[in-house]
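*Asks:* The chain contents come next:
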Amino acid sequence: DQQVKQNSPSLSVQEGRISILNCDYTNSMFDYFLWYKKYPAEGPTFLISISSIKDKNEDGRFTVFLNKSAKHLSLHIVPSQPGDSAVYFCAAGKRNFNKFYFGSGTKLNVKP
Amino acid sequence: DTAVSQTPKYLVTQMGNDKSIKCEQNLGHDTMYWYKQDSKKFLKIMFSYNNKELIINETVPNRFSPKSPDKAHLNLHINSLELGDSAVYFCASSSRQGVGNTEAFFGQGTRLTVV
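Line by line, the protein sequences are chains H and U. Throughout the first sequence, residue numbering follows this note's numbering, covering 1 to 112 in sequence. Throughout the second sequence, residue numbering follows this note's numbering, covering 1001 to 1115 in sequence.
One chain only, chain U, in its complex shape:
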C-alpha cells in the first residue's frame, strides 16, 4: 500500500501539448504539495493545498494549474508544455499545517521530458 502515489512515473511529450500528473495519498493528511526537482537537483515547492484550499503558490507560470477534487488528491495540469518544463515532479503530503509532525511524505516522482 503506497502512501503517496503519483502517475505516471515517466512522461515523454512534445512541446505545446497539455498533460496531467495525478497524485493520491492514503495517509489522511490535510496538506498536499507539488515540488519540482530541476536540473540542478534543487527541490522547489510549486504549490501547497490544505483541505482542498490553495495556501502556497510559488512563482510558477500560470500554465501550471493544480486541481484538488478532495483532500486525498492533488493533480497537476500543465498547458502548452515547454522544453524548460522537463524535470522530475514530486507530490507530497503532510499532516495539518503547523501541528504535530511536519515531515512530508513524498511520492516516487514523475520524470517529465518535453521534446
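Isolated chain H (complex conformation):
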C-alpha cells in the first residue's frame, strides 16, 4: 500500500516553460516532504524540501508547494532547462523518525 503516489509517470515540457510535478500522500501525520532528482545510473540527489508548517518553499528556479488539507504537494520548475531532464521522486514522512516513503517518480523531459 503506497503512502506516496506520483500519478504521472512522465512529463514533457518545452525549454523555458514551467514544469509542474505532482505528488499525493495518504498519511496526515507526515510533517516533512522532499523532492529528489535522479539521472540514469546515478543515485537520487536532494533537490528541495518543505516542512508541514509552511505551504511554500523556494530555491532558485525550484518551488515546492504544500497543500496539507489535500495531502498534495507539487514541484514547480521555472524556467525549465534541458538539464532538468531527469526522474523526480517525491518523498514524505515524519522528520523525527527519519523514515521517508518515496513515490515511483516522474520522468521529466525538457525539450530544447
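Because the hints were derived from the structure by calculation, they are not lab data. Each hint should be verified, as a subset may be incorrect.
Stated by the list, open to error - Quick list of in silico lysine-lysine cross-link-like pairs, DSS-like style, CA-CA up to 30 angstroms:
no.	chain 1	residue 1	chain 2	residue 2
1	U	Lys1009	U	Lys1044
2	H	Lys107	U	Lys1040
3	H	Lys71	U	Lys1009
Stated by the list, open to error - Away from chain U, derived, C-beta distances all over 12 angstroms, residues of chain H:
no.	residue
4	Arg17
5	Glu58
6	Ser69
7	Ala70
To be verified - Label pairs and their computed distance ranges (CB to CB):
no.	chain 1	residue 1	chain 2	residue 2	range
8	U	Met1015	H	Ile53	46 to 56 angstroms
9	H	Ile53	U	Ser1005	33 to 43 angstroms
10	H	Pro40	U	Asn1079	24 to 34 angstroms
11	U	Asp1070	H	Ala41	24 to 34 angstroms
12	H	Asn7	U	Asp1070	35 to 45 angstroms
This one's a predicted model, so the numbers in the text were calculated from it and none came from an experiment. We treat Cβ as the ideally placed atom computed from N, Cα and C, and that holds for glycine.
With chain H fixed as given, assemble chain U onto it according to the hints.
*Replies:* Same frame as chain H, but now just chain U:
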C-alpha cells in the same frame, strides 16, 4: 571524492547464492539506510542504522541481513538469492535523526540480477 559509495555497481548471480553489497559514506553522518527500487520504480526503505544500531527494519525477508561495523559503513548481505530479489539497491546516509537537514545522500545504486 564520492560521498556515498557502494560496490559493486552491477551484480549478476545465480539463484541460491549468497552475496554482499558494500556501502561506505565519508560525510560523517550518523544514519545510514538501504533502499530497494523494485520493478515498479518505487524506492522502498529496507533498513536504517543510527550509530551502528538498527532503528528501522521493514518487512524484509530474514535472508537480508545488514551489517554495520562502524557508523561509516553499512553492508547488505543476502542469503539464498531468489529471482524476486532482482532490483536496484541504494545505500544512503543522512545526519542525525530528526536534527538539522534531513535529506539523504544516496549512492549510485547496485543493480542486482538473479538468474
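*Asks:* If a hint holds in the structure, say so; if it does not, say that too.
*Replies:* Structure-based check of all given hints:
1. U:Lys1009 / U:Lys1044: holds (19 angstroms)
2. H:Lys107 / U:Lys1040: holds (13 angstroms)
3. H:Lys71 / U:Lys1009: Violated, at roughly 36 angstroms.
4. Arg17: holds (25 angstroms)
5. Glu58: Per Cβ check, H:Glu58 is outside 12 angstroms of chain U; nearest 17 angstroms; holds.
6. Ser69: Consistent with the label, H:Ser69 stays out of reach of chain U, its closest Cβ about 23 angstroms off (over 12 angstroms).
7. Ala70: holds (22 angstroms)
8. U:Met1015 / H:Ile53: 46 to 56 angstroms: About 49 angstroms separates the Cβ atoms of U:Met1015 and H:Ile53, which means 46 to 56 angstroms holds.
9. H:Ile53 / U:Ser1005: 33 to 43 angstroms: holds (35 angstroms)
10. H:Pro40 / U:Asn1079: 24 to 34 angstroms: holds (30 angstroms)
11. U:Asp1070 / H:Ala41: 24 to 34 angstroms: holds (28 angstroms)
12. H:Asn7 / U:Asp1070: 35 to 45 angstroms: Between H:Asn7 and U:Asp1070, where Cβ atoms are some 41 angstroms apart, the hint holds.
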